[in-house]
Amino acid sequence: MSASKTHPVTNVLVVGVGGQGVIMVSKVLALLCQRQGHEVKQSEVHGMAKRGGAVFSHIRFGKKVHSPTIPTGEADILIALEWAESMRWINQLNPETGTFISDTHKIVPPFACRNRSRNQKAVYSKETPKDVLGKVAQGYALDAVGVAAELGNERAANTILLGVMSTVLDFSVDDWLDVIAKFVPPKSIEINKKAFLYGREWVKEATIPEMNGEVEIEKAAELTNELEIIPAWCKGCDICVRMCPEHCLELDAEQKVVNARPDNCTGCRICEWLCPDFAIKLHKVPVNEKQPDAAMVEA
Amino acid sequence: MNMEPHISAEEFDIRQFMRLDLFPHFLCPGCGHGMALRALMWALWEQNISMDKLAVVCGIGCSGRLGAYIDSNTFHTTHGRPLAYATGLALARPDLHVVVITGDGDCLAIGGNHLIHACRRNVNMTCLMLNNEVYGMTGGQVSPTTSPTRYTTTTPYGNAEPVFDACKLAEAAGAGFVGREVTMQVPTLKDLIKQAFDYDGFSFVEIISDCTEIFGRKNQLGESAEMIMSQKASTRPDSYGTRVDEPFRPNSLPTGVLVKTDRLEYRAHQQSLNPKGQK
Numbered sequence: 000m001s002a003s004k005t006h007p008v009t010n011v012l013v014v015g016v017g018g019q020g021v022i023m024v025s026k027v028l029a030l031l032c033q034r035q036g037h038e039v040k041q042s043e044v045h046g047m048a049k050r051g052g053a054v055f056s057h058i059r060f061g062k063k064v065h066s067p068t069i070p071t072g073e074a075d076i077l078i079a080l081e082w083a084e085s086m087r088w089i090n091q092l093n094p095e096t097g098t099f100i101s102d103t104h105k106i107v108p109p110f111a112c113r114n115r116s117r118n119q120k121a122v123y124s125k126e127t128p129k130d131v132l133g134k135v136a137q138g139y140a141l142d143a144v145g146v147a148a149e150l151g152n153e154r155a156a157n158t159i160l161l162g163v164m165s166t167v168l169d170f171s172v173d174d175w176l177d178v179i180a181k182f183v184p185p186k187s188i189e190i191n192k193k194a195f196l197y198g199r200e201w202v203k204e205a206t207i208p209e210m211n212g213e214v215e216i217e218k219a220a221e222l223t224n225e226l227e228i229i230p231a232w233c234k235g236c237d238i239c240v241r242m243c244p245e246h247c248l249e250l251d252a253e254q255k256v257v258n259a260r261p262d263n264c265t266g267c268r269i270c271e272w273l274c275p276d277f278a279i280k281l282h283k284v285p286v287n288e289k290q291p292d293a294a295m296v297e298a
Numbered sequence: 000m001n002m003e004p005h006i007s008a009e010e011f012d013i014r015q016f017m018r019l020d021l022f023p024h025f026l027c028p029g030c031g032h033g034m035a036l037r038a039l040m041w042a043l044w045e046q047n048i049s050m051d052k053l054a055v056v057c058g059i060g061c062s063g064r065l066g067a068y069i070d071s072n073t074f075h076t077t078h079g080r081p082l083a084y085a086t087g088l089a090l091a092r093p094d095l096h097v098v099v100i101t102g103d104g105d106c107l108a109i110g111g112n113h114l115i116h117a118c119r120r121n122v123n124m125t126c127l128m129l130n131n132e133v134y135g136m137t138g139g140q141v142s143p144t145t146s147p148t149r150y151t152t153t154t155p156y157g158n159a160e161p162v163f164d165a166c167k168l169a170e171a172a173g174a175g176f177v178g179r180e181v182t183m184q185v186p187t188l189k190d191l192i193k194q195a196f197d198y199d200g201f202s203f204v205e206i207i208s209d210c211t212e213i214f215g216r217k218n219q220l221g222e223s224a225e226m227i228m229s230q231k232a233s234t235r236p237d238s239y240g241t242r243v244d245e246p247f248r249p250n251s252l253p254t255g256v257l258v259k260t261d262r263l264e265y266r267a268h269q270q271s272l273n274p275k276g277q278k
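So the protein sequences, as listed, match chains A and B.
The first sequence runs 0 to 298 under numbering that gives the first Met the number 0.
The second sequence runs 0 to 278 under numbering that gives the first Met the number 0.
What the hints contain is simulated information worked out from the structure, not anything from laboratory work.
Be careful, since some hints might not be right.
Computed beta-carbon distance windows for the label pairs [what the hints assert, rightly or not]:
hint	chain 1	residue 1	chain 2	residue 2	range
1	A	C112	B	E10	22 to 28 Å
2	B	R262	A	K120	52 to 58 Å
3	A	E227	B	K231	24 to 30 Å
Glycine residues also receive a C-beta, built at the ideal position from the N, C-alpha and C atoms.
Start from the sequences, fold in the hints, and give me the full structure.
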């Protein structure tokens, strides 16, 4: 299928997380279209890389392009470099003719885990490729980061997705490779070429990857935090009480600090560092050892 | 004395370096000097410096008292003269790591002369100047670093004198390493002190501390928590670029490593002049 034959203007939306190469992908496409004699307009949100935020880039090309931004539901191709980002932007895709291309790689943002207690699950997109690919006109999903890592460099994942996209657009392989070589670092031209060709080949026998909706997070060590407070040294200066980000500490009637909400303690050590009297010491205690202690106190 | 207990210890615990029989220490509630002492001991622990190979020289004042709590070779000297004593100690015992803990009045007012000559000579030692803007121990008199219009016991209508910028003074006097940090940033302060240890020559670190009981209360600066937060807000880390951040925080002091230049250390220079090693 060629989008450029059915519409006067072809809309490509590239989305991802800062640092993945969204801008690089859109620049490659924009320059390629320009070289083929199209008028190209591109609009992007960038600079989010430092904060790990969402980055997107609109590319519109055709004989005459008036506006640089794609109206909702009119994107012909959506390329997502990250799975949850693809879900965020999927309603931009044309539901009848749009092509959906996404990496199944997950980048879980820090704020996805809203509960700061131990071993809490992060909130992440529940959709799996199986759910999504049935609903779009044409869809591809693959673990591009995994494949790129096997090829030798994870960062070539975006070039694999470009390879997948190149089968949808009417440009020759040599033109693609020529433009890609212009934008990638000289050392990685070879690996990007391999990645691009892999993407093109993969489309012929495209499969739906298995993915579960759960986010695998590293399990916290089985340690719990215990504050040792020496009341005789505490002078009640209130610094730790005011600075504790979880509001665990309180001053008692004698103006000595007590750990009023020990379950909220995340072990950040701010109270220990800021105590001018060295009255607070944080101990990381294995969970199993702590439980008998608590039982003893109750008894 | 602790014999290198920190090498085997998995986690830093300041109590193993302290003379615990003297605790609780004499500092007022909320005094920033305690945090500065923690940062110093933490840096020593991370540098694997044995307490036997450490010599702490202190002057007079609240800061001078800190040395008494360190379980090491400590030396409580006369007012304003810790740098002079330390210079002699560092030259006589080059195997020791000499750390000078001094205060703003001690270092800049009565000992200002010794500071500029220590900077000029470049003998290998580390000078930590705890700047709390006031003479705390003697009852809250005005010091060379008291901000203008602040009230102290000797300036009941507000301070009319301009502030002494100790870091600029040290730089102008020729110190090869000059740094500044607030006490609230304990890990950052620790890293700065570590860099100061590593520097071969005289290194000067100004630590902005808070005096809540005597200075803060008289000037309505709030409790310790407010004071250390406002100190943090009134400084800017040099990693952001002093020039870039300056328009947004016009009156802020840069922190971090302010000066780092290669200068020949005094002892090395002296030996190069006397190659035969004659005394």
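*For the pair A:E227 and B:K231, does the Cβ-Cβ distance stay inside 24 to 30 Å?*
Given about 27 Å between the Cβ atoms, the range holds.
_Distance restraint evaluation - A:C112, B:E10, Cβ atoms, bounds 22 to 28 Å_ = With Cβ atoms ~26 Å apart, the hint holds.
*Determine whether the Cβ-Cβ distance between B:R262 and A:K120 falls within the hinted range of 52 to 58 Å.*
Given about 56 Å between the Cβ atoms, the range holds.
Checked against the numbered hints listed earlier, the structure breaks none of them; every hint is satisfied.
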